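Q: Protein sequences, first through last, are from chains A and B.
Read in order, the letters of the first sequence are residues 1 to 287 in the working numbering.
Read in order, the letters of the second sequence are residues 1 to 310 in the working numbering.
Think of the hints as simulated: they come from the structure by calculation, not from any bench.
Treat the numbers as computed from the prediction; the structure is a model and nothing was measured.
Below, a list of computed lysine-lysine pairs in the BS3-like style, where the Cα atoms sit at most 25 Å apart:
#1 A:K185 / A:K208
#2 B:K189 / A:K185
#3 B:K144 / B:K246
#4 B:K18 / A:K185
#5 A:K208 / B:K18
#6 B:K119 / B:K189
#7 B:K85 / B:K246
For reference, the chains in residue letters:
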Amino acid sequence: MRVTLRRRHALTGYGFIALWLVGFLLFLLVPLVRNLIWSFTDTNMQNVSNPLSFVGMDNYVEAFTIDIEFVPYLLETFRNLVIDVPVILAFALAVALLAMQDVPGGMLFRAIFFLPVVVGSAAVIGRLFDMSGGQLVLFRGQGAQQFLQIYLGDRLPAFMQFLNRSIFVLWRTGVQILIFVAGLKSIDPALYEAAEVDGASAWARFWKVTLPMLSPVMLVNIVYTIIDSFTDYFNLVLRYIRMVTFRTDLRLGYPSALGFIYFIVIFILVLLVFGFVSRFTFYRGER
Amino acid sequence: MSKAFAWIRRFVRGKTRKILVRAVVILLLVDVGFIFVMPLLRMLSQSLMNVMDFYDPTVVWIPRRWSWENYRLVFQALRYPLSFKNTTLLAAGAAVLQTIACAIVGYGFARFNFPGRDKIFMLVLFAMIVPPHVIFIQLFILYKSLPAPAGLVASPNWLDTYLPFYVPEAMGMGLRGALFVFIFRQFFKGMPWELEDAALIDGAGPFRVFFDIMLPPAQPAIVVVFLFSFVWHWNDSLQPSIFLSKTDMYVMTQRLAEVEAALSDMRYRAMWGTGAIMTAALLTILPLLVLYLFTQRYFVESIERTGLIG
Numbered sequence: 001m002r003v004t005l006r007r008r009h010a011l012t013g014y015g016f017i018a019l020w021l022v023g024f025l026l027f028l029l030v031p032l033v034r035n036l037i038w039s040f041t042d043t044n045m046q047n048v049s050n051p052l053s054f055v056g057m058d059n060y061v062e063a064f065t066i067d068i069e070f071v072p073y074l075l076e077t078f079r080n081l082v083i084d085v086p087v088i089l090a091f092a093l094a095v096a097l098l099a100m101q102d103v104p105g106g107m108l109f110r111a112i113f114f115l116p117v118v119v120g121s122a123a124v125i126g127r128l129f130d131m132s133g134g135q136l137v138l139f140r141g142q143g144a145q146q147f148l149q150i151y152l153g154d155r156l157p158a159f160m161q162f163l164n165r166s167i168f169v170l171w172r173t174g175v176q177i178l179i180f181v182a183g184l185k186s187i188d189p190a191l192y193e194a195a196e197v198d199g200a201s202a203w204a205r206f207w208k209v210t211l212p213m214l215s216p217v218m219l220v221n222i223v224y225t226i227i228d229s230f231t232d233y234f235n236l237v238l239r240y241i242r243m244v245t246f247r248t249d250l251r252l253g254y255p256s257a258l259g260f261i262y263f264i265v266i267f268i269l270v271l272l273v274f275g276f277v278s279r280f281t282f283y284r285g286e287r
Numbered sequence: 001m002s003k004a005f006a007w008i009r010r011f012v013r014g015k016t017r018k019i020l021v022r023a024v025v026i027l028l029l030v031d032v033g034f035i036f037v038m039p040l041l042r043m044l045s046q047s048l049m050n051v052m053d054f055y056d057p058t059v060v061w062i063p064r065r066w067s068w069e070n071y072r073l074v075f076q077a078l079r080y081p082l083s084f085k086n087t088t089l090l091a092a093g094a095a096v097l098q099t100i101a102c103a104i105v106g107y108g109f110a111r112f113n114f115p116g117r118d119k120i121f122m123l124v125l126f127a128m129i130v131p132p133h134v135i136f137i138q139l140f141i142l143y144k145s146l147p148a149p150a151g152l153v154a155s156p157n158w159l160d161t162y163l164p165f166y167v168p169e170a171m172g173m174g175l176r177g178a179l180f181v182f183i184f185r186q187f188f189k190g191m192p193w194e195l196e197d198a199a200l201i202d203g204a205g206p207f208r209v210f211f212d213i214m215l216p217p218a219q220p221a222i223v224v225v226f227l228f229s230f231v232w233h234w235n236d237s238l239q240p241s242i243f244l245s246k247t248d249m250y251v252m253t254q255r256l257a258e259v260e261a262a263l264s265d266m267r268y269r270a271m272w273g274t275g276a277i278m279t280a281a282l283l284t285i286l287p288l289l290v291l292y293l294f295t296q297r298y299f300v301e302s303i304e305r306t307g308l309i310g
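Just chain B, with the same shape it has in the complex (with noise of 0.2 Å):
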């Protein structure tokens, strides 16, 4: 190998290889991003053909026909405006929660000695480890014969309703609650303590100096905490389709299944074509493409603060 670096080295020297080497870096770069963007493009060009221009053996990335046909049908089958109303619901809460309790948590083991913490804090290894598909038999069954808070909700018991996505990541708990508890806790880990103990010494309570003191400059992990609960809530399927059966409480993933098994049957997939199941997954992840647009700056930067590896 350092051979042939070395007889590349006597030819070629200084600026040219300078020149060379990036030339050679943004060529990779222009290569993975392209692996990135491609799928995406290939949704977009697709979603846009009408349907003969999947026979035509002529159309590879431009539709010849361009056609509005399945933004149309797409919108109206996945009932947009409504599942997109309980998606942002779901997520937006749960991801909230999840946030502020897994901070908590977070902190409680990165700046507390208390008998046990080591082992305790296995636990929270433990719980990374246990896919949720090992236990949603019994959480169903937990939910059923839980009581739902009267007058707040139609359902006499947790199902169909949005509260097992609430309750348990309130707690710290929940989909990849203990990743996130993980996360916050190395990062809360690498913080001086000096503004912490001067804090103390003022006078003020251990809650208020979490609040007050840790949480501002905690930020970029808060963000990117957020953002990952988000997104993962957003794309779920397993749990909403297990705990909420009626329709007019359906999130995205389950419209998007719909959608999918109705093409599925070759008569719909016929007239409608592989294009409609494309814009659905288009339609489907967009809302998450454009928070992305306004949040990748702060979402790279902050991960890069964040110390997640501590």
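Only chain A is shown next, with the shape it has when bound in the complex (with noise of 0.2 Å):
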């Protein structure tokens, strides 16, 4: 009775996901796995029914040694990476604590500050950005400019661009802000008053309770920022990956093989941070 009561309860179990691992073996796994395989082949748009002919490592060869642009794009990729993610974070983090403050249209605020999640559309903004939209206010007048290029001089450009790069990050930042607000929100009161109590004054209450508290949604934030920088709509080398698909020669195994290439790149560099941020996490419960 007893043995079958929890088979029962297993299958209802799997009753209720074998829908999905249908879908993920369909749509996810069996993609994934027929990429890897035409990504040792030469297959084309032209000999896509033939029988698949084997050309060895050679495409991740090519990808390495005769590309010029590839590697050049990872490498740059990675660059925006180790810059955006600490910017993404620090002002989501700021951002979410300034939405907790108990203000006079507090509500107003809130409601803007979710705006990035429905507008952040990268095929928007993205757009709004590249034309005249990104350059700041503040620096539109010639005089800020010159001043600016008297300490800058030739690298007045880049700053501003690097400007301009920093606003369009903010834009990003909808999601974070969502699971930083609801981590904050599940601090225990008891926490900061007990600090009060021991005298900490409300800059050590951050360092000591508020960051600590807030570690295992900071890892979660983490992740996903990464993921979301890495799938994002003007990530250099998915624009590559999606313009050489569409080149004129045609070519598929090429391109699956760079697709395999930037996952395998991610995957590992994703269980490196989790393995990494996971030591300095902190969960109440535990011991």
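Got two chains here, each in a separate frame; can you build the complex from them with the hints?
A: In structure tokens form, the structure reads like this:
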């Protein structure tokens, strides 16, 4: 009796997730494996229906030795990631903390802060910043530009680009803000009270209570941000893969190899970050 | 740092200090709010400008020669009524199916103990980090080989139909499906067992328990996932551009890309200017803004109760 009940419980569980498993196999795992197989062939648009002709590691060798664009794009993506992730996280945390403040019109500000979730479509906002929209109003005047020119000289255009970029990056913080707000709400107020009684200043409370309690959420956010920027519409590698796919030589094996290299890179990076950051996360229930 | 604070503290005390802190907070709120609202306002202001205003250095925010011309032009160029209908059909259908499917799957992961559950859940996390770009060639070939149900759609296979956006979504996959499964699992994990146990003892089957007992309190999570899914499908430009090639199936982002491509031609650019692109972008997200206007309160509140991080 006991065994059958348990078995029935397990079977019901499988019943709930069965659909997803089928979807996972059909729309993700099989395409991914086929992509891997194709990456060892020289398939192109003309011979898709023919049996695959294997060329060994040729596509991979080409990606790293002959292709002069792929590796630089990959490195550039890495560089952007290293700059973007801390900026996005710090900004999202600051906004989440601000959004929690109880001030007149707080509702309005909260509504505004979640705008990026709704409008933060790469397709639209990207267009906006490609146009003049990205120029900071502050630096539109000639005076400010000349002033900066004195200090920065030749580096002025790069600096302006950096400013534009950082504003653009802030638009990718919507989900992270939401996750931080949820995390902040879940911190036990008793912890703050205890810290206050012990004489901790607001500054100390932030570092000694808020941050440690927020570390699990931080982990979620870091991983999410990395994945998000790796699958971003403006990601250089993805743009390049798309371009190669629709290039006139119609090769399909080569972009498959590029895609797979890229996927492996993301996979390893996420594993590394997860392993590294997990060591610094703090769970309250743990000893 | 703390020395500076102490110095400030000595001079500013009690009520004055409280007011000062508040002023700083409000100032920061306005600042950050400005960053998010500014591009939208800029879009709006430029969409109302006449082309000449772009060559007039004295015009910054307020158009000098107000004009609805951009809207008239872009409304036609986007084929707005048609693409609005198409995009709504795609996004709403996909979002409804995805929300239901992900709730079911998330519940399965949260509440049942079966061999291999945690290993299978690792697959959910795995699915999250596969960029859609890596598999789109294979998906294209797959959808091309799958026969479409006869009579329902005009196309012989899944291409040029919305099936590639409905079927994977109805299985809890599709655009960020794994993320939604994760959210629902976290949510259901945090719910108390008592109600469920009571219903099970009363003899309700597991699926009835799910639909009658577990779903109603899950409303906040459902709203959040539905909105995310709707917005992301609405804004997605990669998948439609690959799976939809017939122009009467086009969705908003495809039209937007078309308009932009047409306007990148210098001759048209000189005639219509940046204003037209801004108008097109604004019209593309306008339905989302309206939707957000009505749901934002619910949205902001519900995300705080979802226990996203459980």
